[in-house]
Amino acid sequence: MSATTTGAVPAMPSGSLMRRIAWHCRYDEKRELWIGWWTLVAFYNLYGLLFFVLARTQPPPQPSLGPAEIVQWFDDRRSGLLYGYAIVSIVGGATAIMTATLAYTMRRMSVSRAFAYSYLLIYALATLPGMLIMGVACTVGAMRPDRDHALVSWLYDFAFLSFEGTMGVFLVGSLIWMAAVLLDKNRVFPMWFGYLNLCNALTEVVVAPAWIFRRGVFAWDGAIAWWINMAVFVTYTTVFLTLLRGMIVREDFGSGPLPELASDRAPASAGTLGAAR
Amino acid sequence: MTTVQVSVAPRADGSDERAASSEKPGGVRFVPGQPDMWAFVLFEALVFTSYFTVYVIRRTQSPGPFLQSQTHLDLHVGVFNTLVLLASSWSVARCVQATREGSFRAALNNAYLTMLFGVVFLVSKVREWATAIAQGFSFTTDEFFSFYYFLTGIHFLHLLIGFVVLGVAVSRIRSAAGAAPELVETCATYWHTIDFLWVLIFALLYVMR
Amino acid sequence: MKRRFEQRLRFVWLALSAITLAQLALGSLGQQDALTPNAVVTSSAIAIALIKVRVIIREFMEVRHAPVLLCRLADLWVVVTGVSLLGSYFVGMAHSAG
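Chains as they are written, first to last, in this note's numbering: chain A, 106 to 382; chain B, 37 to 245; chain C, 1263 to 1360.
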């Protein structure tokens, strides 16, 4: 399946980036893991651009807007919403690769495979409230400028409540990952990352009042329910992407403890062709 | 994550170096418990600081209503809660000390005592909430009460997790008698965090004007 | 030797409890003015709380004996919290008064 089984692997060429990437695609044992990691990085960046810059649905608008203001909100963003979510609907499937990569990390741990499978299921489901439902609701709202105002208001509430308020899914996912990390004997991730998952889970709890309040700090656009929560979430995401990279570099495809990072280069082990990354 | 903890050699009498160094200021420096837990504690404390700051800002924007609602809180209950958690911190610190000395019976007793104080706090808090709700002050009554239930609620959640953490400490003390006390110290670090966060919540909800 | 540490812990606990009871006394004294914002009460409440927190961190959590980095980080958090809370209070009160 990989070049290593058929004989000696040619040395990685120095030189242009394209040649090195091509070499990795052909010979790197960890190429699927790296594809997974780069997909995560690219997707989160793209997601940020689409939601914050193109569609401008984040930071979220106020829940207390009246029907006329809501229609105005859609009007101001019509093409951004339509193009933005068109792109989201095309790349949305990438979440499968992302979730699989994260589930892989749990498979590599010494804990039961049930952790990986539950995580996989939860995050597969999470794509719905975390991205797709809002996309559909916003594009439906933007599609016909002459739609009844009451209906547009409905779509607005539906979009934002489903997006901001359904943190329960991510909460449980974080707890599963936390438990896996804390119980893991293979040291795939450091303990403090397990605790960071707890932090992330607790800040998700804090979003729950968004269902109750239409104004103030606990509303879906509030200082506590959105801004602070988002700061924690961005920190968390940046951290796990960095740790994941380290994990892939250290990966030895065994089932015992993962070797530590010796230096910036990967530890010497048979077939670790990703050394130069 | 590399630990800055110096290696702690068990002594002939079963206690470890740290039990002695605790009394020697300027002696051996060590990180109590896992450094990882400290990373969590500092990060979570920062998140709470942000919640507290939002509370203070909102409070200064409408001081009248906040003060009015605050009069419905009972300062005595707040003080009682604080005293209970301070006592629980004391007992968990003694538990750690006992674990280091190898006095596992004493360590267990202190751990159970800590749990007891925790339960007292929980019961007191639930009663306080029930009383407030019976008087008509709910989560959505006004902004002060939203913050009150939010801050005490999220603290309560941390306390519930604290029981799980204490359970881990207890099982460690019972099963691995003689093993390094790092896990018990880690659990204690978490518990103390619940205490000091409450000290701040108490000042902000019950005392400040 | 161990007794000294135990005594220290007990002293710290009693001192913190005493301060808390003092706060009860102070709070009860000012009841007639309960509806007026009071900068002195507020800043002393926050300051006392931070002192208690720092004592808990240094004594109960044994940061006194921790490497310098942890001491500094813990103190930094206390300072950040103090500045943030007191700053927000005074700036906020100035705004709403003006």
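Keep in mind the hints are simulated off the structure, nothing from the lab.
All values derive from a computational prediction rather than experimental measurement.
Positions of the beta carbon are idealized from the N, C-alpha and C atoms, including for glycine.
Keep in mind that the hints are not guaranteed to be accurate.
As the list claims (entries may be wrong) - Which stretches of chain B does chain C cover? Using the computed rule of at least three CB atoms under 8 angstroms from a CB of chain C, they are:
no.: 1; stretch: 88-101
no.: 2; stretch: 104-117
no.: 3; stretch: 139-145
no.: 4; stretch: 151-161
no.: 5; stretch: 236-242
To be verified - Derived SDA-like pairs (lysine to any residue); straight-line CA-CA distance at most 25 angstroms:
no.: 6; chain 1: B; residue 1: Lys161; chain 2: C; residue 2: Gly1289
no.: 7; chain 1: C; residue 1: Lys1264; chain 2: B; residue 2: Ala123
no.: 8; chain 1: C; residue 1: Lys1264; chain 2: B; residue 2: Leu149
no.: 9; chain 1: C; residue 1: Lys1264; chain 2: B; residue 2: Asn145
no.: 10; chain 1: B; residue 1: Lys161; chain 2: C; residue 2: Ala1301
no.: 11; chain 1: B; residue 1: Lys161; chain 2: C; residue 2: Ala1277
no.: 12; chain 1: A; residue 1: Lys290; chain 2: A; residue 2: Val245
no.: 13; chain 1: C; residue 1: Lys1264; chain 2: B; residue 2: Lys161
no.: 14; chain 1: B; residue 1: Lys161; chain 2: A; residue 2: Cys304
Exercise for the section: Identify every previously stated hint that the structure contradicts and give their numbers, smallest first. Expected result: Per hint list: 3, 4, 10, 12 and 13 violated.
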